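Protein chains in written order, with the numbering used here: chain A, 16 to 110; chain B, 17 to 405; chain C, -4 to 295.
It is worth saying that the hints were derived from the structure and are not from the lab. Among the clues, some could well be false.
[Stated by the list, open to error] The list that follows gives simulated cross-link-like pairs (lysine to aspartate or glutamate, EDC-like), each with its CA atoms no further than 20 Å apart:
| no. | chain 1 | residue 1 | chain 2 | residue 2 |
| --- | --- | --- | --- | --- |
| 1 | B | 19 | B | 143 |
| 2 | C | 218 | A | 77 |
| 3 | C | 81 | B | 60 |
[Said to hold, decoys possible] According to the in silico footprint, chain C covers these stretches of chain A (three or more CB under 8 Å from chain C):
| no. | region |
| --- | --- |
| 4 | 51 to 58 |
| 5 | 91 to 99 |
Note that this is a predicted model, so its numbers are computed, not measured. All residues carry an ideal CB built from backbone N, CA and C; glycine is no exception.
The primary structure of each chain is shown beneath.
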Amino acid sequence: MTATAKKKRRKPPLGIVTRPGSSLQNKTGAWGILRPIFDWEKCTGCNTCESICPDGCIRHLEKKQYEVDMEYCKGCGMCAAACPFDAITMEEEHR
Amino acid sequence: MRKMIEGSRAVAEAVGLCRPDVISAYPITPQTHIVEELSQMVADGDVDAEYVRVESEHSAASVCLGAVAAGSRAYSATTSQGLMLMAEVLYNIAGMRLPLVITGVNRALSAPLSIWNDHQDTLALRDTGWLQLYAENSQEVLDMHIQAYKIAEDDRVLLPLMIGMDGYVLTHTYESVDVPTQEEVDAFLPRYDPLYKLDPEDPYTLGAFADPSLYQEMRYEIQRDALRSKEVVKEVARDFQAAFGRWMGDVVEPYMCDDAETIYIGLGTVVGTLKDWVDVRREQGDKVGALKLRCFRPFPNDELREALGNAKQVVVIEKAVSVGGYGIAAAEVRGALYGQPKTPPVVCAMTGLGGRDVTYEVLDEIQKRTEAGETDFFAGLRTELLEAS
Amino acid sequence: MSAPEFSYEISKGLLPGHRACAGCGQAAAVRLIMEIAAPNCVVTNATGCLEVFTTPHPESAWGVPWVHSLFENAASVASGVEAALKKQGRLEEVRVLAFGGDGATLDIGFGPLSGMFERNHDVLYVCMDNEAYMNTGVQRSGSTPFAASTTTSPAGRRSFGEDRPKKDLPAISAAHGIPYVATASMSFFADLRRKTKKALGIRGAKYLQVHVPCPPGWGYDEKLSVDIGKLAVECGMYPLVEWENGEVTRVRKIKKIPVEDYLKAQRRFRHLFRSEEGKAQIANVQELADASIEKYGLVD
């Protein structure tokens, strides 16, 4: 239906429809006390860390360089434990 | 077009005319003829719908939920045990504000097992948030299905609707009915245009959970909208009359109530019997009237009070019992009169349970016992069975 | 070094900000699956961890159309969505997925699942198998492995824990003759991606059961989810198998390590190491693993 026609109808009742991606407002980074630190000498760009992060907050910038979004990182340490090349260590950081 | 068809066939034809996209049903006596007729209509290409042969009633309702959420018009029918099995899905559909229509064929509840008619099953679901209409005869049940989609899908309503249809009495009897044409129904009932749906082009999340800071307000809104939907029920009944030339009441339908001293209230086909019995009693000089409670949810307090007028006595023919408590419709009638300027006494006569016929003899007994001052009783009991036990 | 601002495309499927435990195997697995399925899909979801941690209104971590109804009916709701999309002529481009935990899938949702398979709806059902009713506090399900301690099959003075072997839902699903059934593990993510892609390329009913380690439920340090999942597969307790039209077509061979290596790493099995009775049960666990290895030819 057209955008104009949609405007004339009522809003959905309270709580019935939740906006997609609205979880982004919940900054789960506040949960964690550990932060992943990368050793680029050891990193081979295998993408394991990016693949297994439960929160999807690791991304690669270039082949062998990754960035962690600390707004959502819960500090679980899975990336460090799973890295086949021991290129990630977890350091304490109270945030 | 006038046809002499089984009540179940009348429902199937009405549903077919509403152009359902998805039909899902699980067989259960005495609903079976409805879903069989629809099945044949789909198999012959007379109805263009996806027919899903589910493995239980819980899934029948869930399939319909998914279909309506995905933006399609859906239909199912069930009764008794099936209604109970899908009960949690019914609460879910209403809570998610999805406009589904189902036929709730009325049948007694087990135990003991009974396949015969009473109203216990749909009345037990009066708290679900579903609107409820009860049909007096085959023509009405046919017309109600067409009206039902229009009511449920209205933006002011957005609630599912179930149609009470007395098992065997309506499902398995033949009456002469007028079946509208497809063109007439298309003009009255447009295609389903969902307010929100599951669509990758505009993705929504449906069915998120509500913590204590939100749940109460959501229930306030559903109650507010359910109460307001009474006006839509009335409006659609008027529009239907204008389009098809037939009127069978909107929320209540009085018969000979204007000067009645005693009014007998019923739901569904028993109203037909009541009307005939009223004619007989009137010939004997009794000032009696009958009142069809057509819409049970939302409960039409104002219209009920108005129809009861100056009656000195109200009797509810109750085909259900809330065990340990009260008669269900009677309790709602009493509630509607509580604290009002006019409060005639309301008798609750429980009868017609498990398919027991409500005959003139039973109604005569109810009239006598009412006059003798009884207020809550089972009528038409086979006392010889009770004495023996 | 400074990096460009993070931005999340809603269409990625599962977005951050959800409330999964740190180290949640399920969140990782679902993210991977959704990156492949999104954006042209509709997801139905049973009540459980995934549903709860992604959708506390007004927050939703889903970037695709998503619906949650009840505990047992993800499969039947998905059947309805599929029927509607089919009628709308959209089933070619829009894929339907259903998510449920092991409790929702193997126990309470068993009937609706079987119905969906029997009717061969074009739906990919993904079971997130963390081997207990985790969201409600780690109660046993039909998927709880033999001898595991859960809150309703606890190790005690008179009990060694769960006394029934794991219900073999993949085999039951395959017995329906549906086009594709596979077991997978969050720890073998390339394998999981391959199976997801393959499943979504097939028309008809598909079942994907993914082993997803759970730190609080299984009792291990949250960072070790990937390692624990690997041990489960390598000892034969979670065979990675694919069935097509009812027949096994591919398995992932393992190196075979003793089940002890897997069991001792988790609190839910640690009681077995403290008594003679427990050690006897470890032997039973090994037997079950050996039977799987034999059945599927997991060792060369």
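Cross-check of the supplied hints:
no. : hint         : in the structure
1   : B:19 x B:143 : violated (37 Å)
2   : C:218 x A:77 : violated (25 Å)
3   : C:81 x B:60  : holds (19 Å)
4   : 51 to 58     : violated (count 0)
5   : 91 to 99     : holds (count 6)
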